[in-house]
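Number of protein chains: 2
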Amino acid sequence: MKKVYNFSAGPAVLPDSVLNQAAEAVVDYSGHGMSIMEMSHRSAPIVEMVAETRQLVCDALNVPDNYKILFLQGGASLQFSMIPMNILKDGEIADYTDTGAWSAKAIKEAQRYGNVNVVCSSKETIYNYIPKEFDQSDTQQYLHITSNNTIYGTQWTDFPKASGYLVADMSSDIFSRPVDINQFGVIYAGAQKNMGPAGVTLVIIREDLIGRAERHLPAMLDFAIHAEKDSMYNTPPVFAIYVVNRTLQWLKELGGVDTMHELNTLKAKLLYDEIERNPMFKSPVAEDDRSLMNVPFVFANGGDEQHFLNFCTERGLVTLKGHRSVGGFRASIYNAMSEEGIKALISAMQDYSQ
Amino acid sequence: MKKVYNFSAGPAVLPDSVLNQAAEAVVDYSGHGMSIMEMSHRSAPIVEMVAETRQLVCDALNVPDNYKILFLQGGASLQFSMIPMNILKDGEIADYTDTGAWSAKAIKEAQRYGNVNVVCSSKETIYNYIPKEFDQSDTQQYLHITSNNTIYGTQWTDFPKASGYLVADMSSDIFSRPVDINQFGVIYAGAQKNMGPAGVTLVIIREDLIGRAERHLPAMLDFAIHAEKDSMYNTPPVFAIYVVNRTLQWLKELGGVDTMHELNTLKAKLLYDEIERNPMFKSPVAEDDRSLMNVPFVFANGGDEQHFLNFCTERGLVTLKGHRSVGGFRASIYNAMSEEGIKALISAMQDYSQ
Numbered sequence: 001m002k003k004v005y006n007f008s009a010g011p012a013v014l015p016d017s018v019l020n021q022a023a024e025a026v027v028d029y030s031g032h033g034m035s036i037m038e039m040s041h042r043s044a045p046i047v048e049m050v051a052e053t054r055q056l057v058c059d060a061l062n063v064p065d066n067y068k069i070l071f072l073q074g075g076a077s078l079q080f081s082m083i084p085m086n087i088l089k090d091g092e093i094a095d096y097t098d099t100g101a102w103s104a105k106a107i108k109e110a111q112r113y114g115n116v117n118v119v120c121s122s123k124e125t126i127y128n129y130i131p132k133e134f135d136q137s138d139t140q141q142y143l144h145i146t147s148n149n150t151i152y153g154t155q156w157t158d159f160p161k162a163s164g165y166l167v168a169d170m171s172s173d174i175f176s177r178p179v180d181i182n183q184f185g186v187i188y189a190g191a192q193k194n195m196g197p198a199g200v201t202l203v204i205i206r207e208d209l210i211g212r213a214e215r216h217l218p219a220m221l222d223f224a225i226h227a228e229k230d231s232m233y234n235t236p237p238v239f240a241i242y243v244v245n246r247t248l249q250w251l252k253e254l255g256g257v258d259t260m261h262e263l264n265t266l267k268a269k270l271l272y273d274e275i276e277r278n279p280m281f282k283s284p285v286a287e288d289d290r291s292l293m294n295v296p297f298v299f300a301n302g303g304d305e306q307h308f309l310n311f312c313t314e315r316g317l318v319t320l321k322g323h324r325s326v327g328g329f330r331a332s333i334y335n336a337m338s339e340e341g342i343k344a345l346i347s348a349m350q351d352y353s354q
Numbered sequence: 001m002k003k004v005y006n007f008s009a010g011p012a013v014l015p016d017s018v019l020n021q022a023a024e025a026v027v028d029y030s031g032h033g034m035s036i037m038e039m040s041h042r043s044a045p046i047v048e049m050v051a052e053t054r055q056l057v058c059d060a061l062n063v064p065d066n067y068k069i070l071f072l073q074g075g076a077s078l079q080f081s082m083i084p085m086n087i088l089k090d091g092e093i094a095d096y097t098d099t100g101a102w103s104a105k106a107i108k109e110a111q112r113y114g115n116v117n118v119v120c121s122s123k124e125t126i127y128n129y130i131p132k133e134f135d136q137s138d139t140q141q142y143l144h145i146t147s148n149n150t151i152y153g154t155q156w157t158d159f160p161k162a163s164g165y166l167v168a169d170m171s172s173d174i175f176s177r178p179v180d181i182n183q184f185g186v187i188y189a190g191a192q193k194n195m196g197p198a199g200v201t202l203v204i205i206r207e208d209l210i211g212r213a214e215r216h217l218p219a220m221l222d223f224a225i226h227a228e229k230d231s232m233y234n235t236p237p238v239f240a241i242y243v244v245n246r247t248l249q250w251l252k253e254l255g256g257v258d259t260m261h262e263l264n265t266l267k268a269k270l271l272y273d274e275i276e277r278n279p280m281f282k283s284p285v286a287e288d289d290r291s292l293m294n295v296p297f298v299f300a301n302g303g304d305e306q307h308f309l310n311f312c313t314e315r316g317l318v319t320l321k322g323h324r325s326v327g328g329f330r331a332s333i334y335n336a337m338s339e340e341g342i343k344a345l346i347s348a349m350q351d352y353s354q
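Protein chains in written order, with the working numbering: chain A, 1 to 354; chain B, 1 to 354.
Hints listed in this document are in silico derivations from the structure and should not be mistaken for laboratory results.
Among the hints, erroneous ones may be present.
Simulated pairs of lysine-lysine, DSS-like, Cα-Cα distance not exceeding 27 Å [as the list claims (entries may be wrong)]: (1) B:3 - B:252; (2) B:343 - B:321; (3) A:229 - A:132; (4) B:229 - B:68; (5) A:161 - A:68; (6) A:229 - B:68; (7) A:161 - A:89; (8) B:123 - B:105; (9) A:229 - B:321; (10) A:282 - A:89; (11) B:2 - B:343; (12) A:321 - A:282; (13) B:105 - A:68; (14) B:229 - A:123; (15) B:282 - B:269; (16) A:105 - B:123; (17) B:2 - B:123; (18) A:343 - A:123; (19) B:105 - B:321; (20) A:108 - B:343; (21) B:343 - B:282; (22) B:89 - A:108; (23) A:3 - A:321; (24) A:132 - A:161; (25) B:252 - A:229; (26) B:229 - A:321; (27) A:89 - B:108; (28) A:229 - B:105; (29) B:105 - A:105; (30) B:89 - A:89.
Computed footprint of chain A on chain B, listed as stretches where at least three residues anywhere in the stretch have a Cβ under 8 Å from a Cβ of chain A [to be verified]: (31) 16 to 22; (32) 51 to 61; (33) 141 to 154; (34) 175 to 185; (35) 188 to 196; (36) 210 to 224; (37) 237 to 250.
Virtual Cβ for every residue (Gly too), placed ideally from N, Cα, C.
Bound conformation, chain A alone (with noise of 0.2 Å):
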């Protein structure tokens, strides 16, 4: 085997580390005879591995004690539907800005709920800014946003100031930076990103919203059941669990995600500055809104796509191909991207202008 620099947008890159000691649990879960797959959700081991990992997400993220922290599954999309189903009570207001498809799925399953506003989008412009000046309904329940938008490559820098309280779904940024929770009535994620393997979901929400719209839903799909029962109602996907806890742990031993935000602030900077150093390059990207998660390029002034990304995977440097909503080449450098993964990219950007 040899190693690749992969680039994919998610599933993604996860540390090395991580990947060793996930593979040791598959067959033998910390020397208790069986593979972590094996072993019941109710037994202490489980019990107590899931509990650590709700204390890394809080500790790695400062979340206050007025936040119930849930491992769920469905992954965002199915938070773009419980999130208003358990929130919003019918007719009530959130506002929704629109920065890219998985905004648009939001906003899409949210209208069954409530009466979803949108505020702003970019999309006449293949979603290539963040819109900064936009109203909001003075009776908002919430303004949602997608912190980083991993097809065109945009991020919300700065948050917006909501009305009433920020929703976000941070699948692609979540841990690569710091957030002050307190903005935030509900963050979700889902964790093949910058967390862990596809199938798990983090929820962290505000206790008061939990149970809000008073609907009966379906036991699945209602926050106060997974709370009340600590994301154990029914039996949760353990192994995803235990990669995620593993990925936080080894974000901790680095720095945490203020020394995470400045690897990535750094990591993307060397990536941007050969973009727009290198004549054969350019960004399709608002130079304001440029993500530090996921790095589309193209060629300046056209070129053979197909050829530059076969150079690419000769050297090692695989999955760049660019979203087909925006063409060219796409670099996504999560956490786990290491900053030799992007210097040998810049590399072949730089032998392949030649």
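Place chain B on chain A using the hints.
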């Protein structure tokens, strides 16, 4: 590490060869230079693996062409809601059999979508038998059964004939025996007993039932969307599906569900015979309805249960404690439990009783 015999009710024992292959894939998937957890679900190797897993399900159970095979999230618990909300129109009747705690949960969730008729219940005798004489509604849409009751150790040896069609929660005995799929409108099963790790749910659904209720549903709860997108509407739990793939490959190499049923029958007989023979133990379950998967047993004349459990643990026979609602002991002897494991348990029972 000392390998133990794991009699856990679920998550439960998996074949060693599956665990070893899974551990390899966690580090490097088939020489791609990255973990299976790091690979895009849209990449060719993963799309192929998921398609192959569908085919393995199809081959193992002889699934006819007019059924769709889906890999979803949320466990059987989410199916308790999804099935009636997708199939039952307002006011339509579904008959439900109440043969255990999971049946009761299925009934509770279905009640919000149609007219649920509980046709039988063995609750009064702590679910220690399967009722066989009951009246079904003439205008029934479907008859719901729990094919195997994990907690109480009962199993539908022969399935009832539905006046409509059967819908079955097969979480704890799928792939343990042949079934005639044509009797069923829907079969669903959480993976964590006979298929793989917690975090993926298999749904086999007759095509004409998809979208039948014509309800406007959240996308993630709509079978039509999952079927149209081949279980890739959102990021599926790739690793969990891979473990299912390897488990079904193991099953195939062993000879499929017919051979497995013979092995399971033999294993269960060994254990039940000992329970009958050994004056220290007895079965709380009606003889005709005893499960081939979960074998509860109790002291015939009382005794120190923890002492026997400790005696077993010292011999590497673990997670034998009975469910709190039945008491005593429970040996879950799913497909992956070896005959050696059963014999080791029988030896322990014999040695303890001397």
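A quick look at each hint next to the structure:
{"no.": "1", "hint": "B:3 - B:252", "in the structure": "25 Å, holds"}
{"no.": "2", "hint": "B:343 - B:321", "in the structure": "18 Å, holds"}
{"no.": "3", "hint": "A:229 - A:132", "in the structure": "39 Å, violated"}
{"no.": "4", "hint": "B:229 - B:68", "in the structure": "11 Å, holds"}
{"no.": "5", "hint": "A:161 - A:68", "in the structure": "22 Å, holds"}
{"no.": "6", "hint": "A:229 - B:68", "in the structure": "33 Å, violated"}
{"no.": "7", "hint": "A:161 - A:89", "in the structure": "22 Å, holds"}
{"no.": "8", "hint": "B:123 - B:105", "in the structure": "13 Å, holds"}
{"no.": "9", "hint": "A:229 - B:321", "in the structure": "22 Å, holds"}
{"no.": "10", "hint": "A:282 - A:89", "in the structure": "46 Å, violated"}
{"no.": "11", "hint": "B:2 - B:343", "in the structure": "18 Å, holds"}
{"no.": "12", "hint": "A:321 - A:282", "in the structure": "15 Å, holds"}
{"no.": "13", "hint": "B:105 - A:68", "in the structure": "25 Å, holds"}
{"no.": "14", "hint": "B:229 - A:123", "in the structure": "25 Å, holds"}
{"no.": "15", "hint": "B:282 - B:269", "in the structure": "14 Å, holds"}
{"no.": "16", "hint": "A:105 - B:123", "in the structure": "44 Å, violated"}
{"no.": "17", "hint": "B:2 - B:123", "in the structure": "40 Å, violated"}
{"no.": "18", "hint": "A:343 - A:123", "in the structure": "32 Å, violated"}
{"no.": "19", "hint": "B:105 - B:321", "in the structure": "23 Å, holds"}
{"no.": "20", "hint": "A:108 - B:343", "in the structure": "57 Å, violated"}
{"no.": "21", "hint": "B:343 - B:282", "in the structure": "18 Å, holds"}
{"no.": "22", "hint": "B:89 - A:108", "in the structure": "24 Å, holds"}
{"no.": "23", "hint": "A:3 - A:321", "in the structure": "19 Å, holds"}
{"no.": "24", "hint": "A:132 - A:161", "in the structure": "11 Å, holds"}
{"no.": "25", "hint": "B:252 - A:229", "in the structure": "38 Å, violated"}
{"no.": "26", "hint": "B:229 - A:321", "in the structure": "22 Å, holds"}
{"no.": "27", "hint": "A:89 - B:108", "in the structure": "24 Å, holds"}
{"no.": "28", "hint": "A:229 - B:105", "in the structure": "16 Å, holds"}
{"no.": "29", "hint": "B:105 - A:105", "in the structure": "31 Å, violated"}
{"no.": "30", "hint": "B:89 - A:89", "in the structure": "25 Å, holds"}
{"no.": "31", "hint": "16 to 22", "in the structure": "holds (count 3)"}
{"no.": "32", "hint": "51 to 61", "in the structure": "violated (count 0)"}
{"no.": "33", "hint": "141 to 154", "in the structure": "violated (count 0)"}
{"no.": "34", "hint": "175 to 185", "in the structure": "violated (count 0)"}
{"no.": "35", "hint": "188 to 196", "in the structure": "holds (count 3)"}
{"no.": "36", "hint": "210 to 224", "in the structure": "holds (count 5)"}
{"no.": "37", "hint": "237 to 250", "in the structure": "holds (count 5)"}
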